[in-house]
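A.B. asks: Kindly produce the complete structure, drawing on both the sequences and the hints.
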Amino acid sequence: MDKSLCVAIQGIRGSYHHVAVEKFFGRETDFVECAVFKDVPEAIENGKADYGVMAIENSIAGSLLQNHKLLGLHGQKIIGEVYVHIEHCLLANPGVRIEDLTEVESHPMAILQCENFFSQYPEIRLLESNDTARSARMVASKKLRTTGAIASELCARLFGLDVLARGIQTMSNNYTRFFVIGHSGEEIPPDADKASLRFVTKHESGSLSKILSVLAMHGLNLTKIQSVAIMERPWEYAFYADVMFPSLSTFNAAIEVVSHQTEQLEIQGIYKHNES
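Sequential numbering from 17 applies to the sequence shown in my numbering.
Keep in mind that the hints were calculated from the coordinates and are not lab data. Backbone N, C-alpha and C fix where the C-beta goes; we use that ideal spot for every residue, glycine too. Don't take every hint at face value.
If you anchor each label on the Cβ, the simulated ranges turn out as follows [as the list claims (entries may be wrong)]:
1. Arg182 x Val244: 34 to 40 Å
2. His199 x Ile76: 30 to 36 Å
3. Asn146 x Met233: 45 to 51 Å
Each computed EDC-like pair below joins lysine to aspartate or glutamate, with the alpha-carbon atoms no more than 16 Å apart [to be verified]:
4. Lys159 x Asp178
5. Lys288 x Glu202
6. Lys240 x Glu291
7. Lys39 x Asp178
8. Lys240 x Asp209
9. Lys93 x Glu58
10. Lys158 x Asp209
11. Lys218 x Glu279
12. Lys39 x Glu248
13. Lys93 x Glu252
14. Lys226 x Glu272
15. Lys288 x Glu169
16. Lys85 x Glu119
17. Lys218 x Glu169
18. Lys226 x Glu279
19. Lys158 x Asp178
20. Lys218 x Glu282
C.D. replies: See below:
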């Protein structure tokens, strides 16, 4: 019998991090529920979890810069990625109708993303909380009859709530990308075709363009690049980049050249890309 996997997530069961775990691993898992993102890599380092899942960017809100920085602090590697379609649902206890609701609670970002839907119901007061799934769990545990929650459909299944409305977000094309992180000793999958890098350029004119040219000459496709301030070095920046490559050998050849053109270079993970 397979040993149950334990995965650290920010938030609780029913959160979109939980949805990402189900989509990536496709099997029953145990969870370490973390209050803040920095606890996720720490749970792996301390042996409490086998893997961690962390949101890294959203198609509407952009990158979570603090999570880019966390990845390098504990020596773990990115072993995969997963995209989750963020579909907000209006949840309530069984038998409750939308007309019965006077309050709906959720994370402020979820509330913001569903403003158009609730403009149809001006009598409903929108209350902010720190987590979509916690709001759903609270509504269920207290058996509230006039309060609903904005959360994932998974929350309805976990907490025994009814889905009063699906897909209530204003923008339907709302995706969050998550990194799956693990121990640095994880083997590179044979079908790997994507890598995440962190590098600091040399203080030379055109240094970034030279690096990008090397990647292009070796057939690597740059899918993302993000600059992040280096806190201890004012006005200096590290770059986080994702590249797709045709083969591991071409990637290694490109990295060999780039390593001589950067002040610092770190491969944060080599993995198989995941479709959104």
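A.B. asks: Against this structure, judge whether each hint is valid.
C.D. replies: Status of each hint after checking the structure:
About 36 Å separates the C-beta atoms of Arg182 and Val244, a value consistent with the hinted range of 34 to 40 Å. Restraint check, His199 to Ile76: a C-beta distance of roughly 32 Å satisfies the suggested window 30 to 36 Å. At about 47 Å, the CB distance of Asn146 to Met233 agrees with the hint of 45 to 51 Å. Between Lys159 and Asp178, the direct Cα distance comes to roughly 12 Å. Compliance with the 16 Å bound is thereby established for this hinted pair.
At roughly 13 Å between alpha-carbon atoms, Lys288 and Glu202 fall within 16 Å of each other, so this suggested pair holds. A threshold of 16 Å between alpha carbons decides the hint, and for Lys240 with Glu291 the separation of about 15 Å falls inside it, so the pair holds. At most 16 Å may separate the alpha-carbon atoms for a hinted pair to count; Lys39 and Asp178 exceed this at roughly 22 Å. A distance of roughly 15 Å separates the Cα atoms of Lys240 and Asp209; the hinted pair therefore holds under the 16 Å criterion.
Distance hint between Lys93 and Glu58 is fulfilled; the C-alpha atoms sit about 13 Å from each other, no more than 16 Å. About 48 Å separates the Cα atoms of Lys158 and Asp209, which puts this hinted pair outside 16 Å; it is violated. Distance check on the hinted pair: Lys218 and Glu279 sit about 5 Å apart at the alpha-carbon level, within 16 Å; holds. Straight-line distance between C-alpha atoms of Lys39 and Glu248 comes to about 38 Å, which puts the hinted pair past the 16 Å bound.
At roughly 24 Å between alpha-carbon atoms, Lys93 and Glu252 are farther apart than 16 Å, so this suggested pair is violated. As the CA atoms of Lys226 and Glu272 are separated by approximately 14 Å, the hinted pair is consistent with the 16 Å bound. About 28 Å separates the Cα atoms of Lys288 and Glu169, which puts this hinted pair outside 16 Å; it is violated. A C-alpha spacing of about 37 Å is found between Lys85 and Glu119, which places the hinted pair above 16 Å, so the restraint is violated.
For the given pair, Lys218 sits about 48 Å from Glu169 by alpha-carbon distance, which is inconsistent with the 16 Å threshold. The hinted pair formed by Lys226 and Glu279 meets the criterion: a straight-line CA distance of about 13 Å does not exceed 16 Å. Between Lys158 and Asp178, the direct Cα distance comes to roughly 15 Å. Compliance with the 16 Å bound is thereby established for this hinted pair. Between Lys218 and Glu282 the CA atoms are separated by roughly 15 Å; this keeps the pair inside 16 Å, and the hint holds.
This entry does not satisfy hints 7, 10, 12, 13, 15, 16, 17, going by the numbered hints stated previously.
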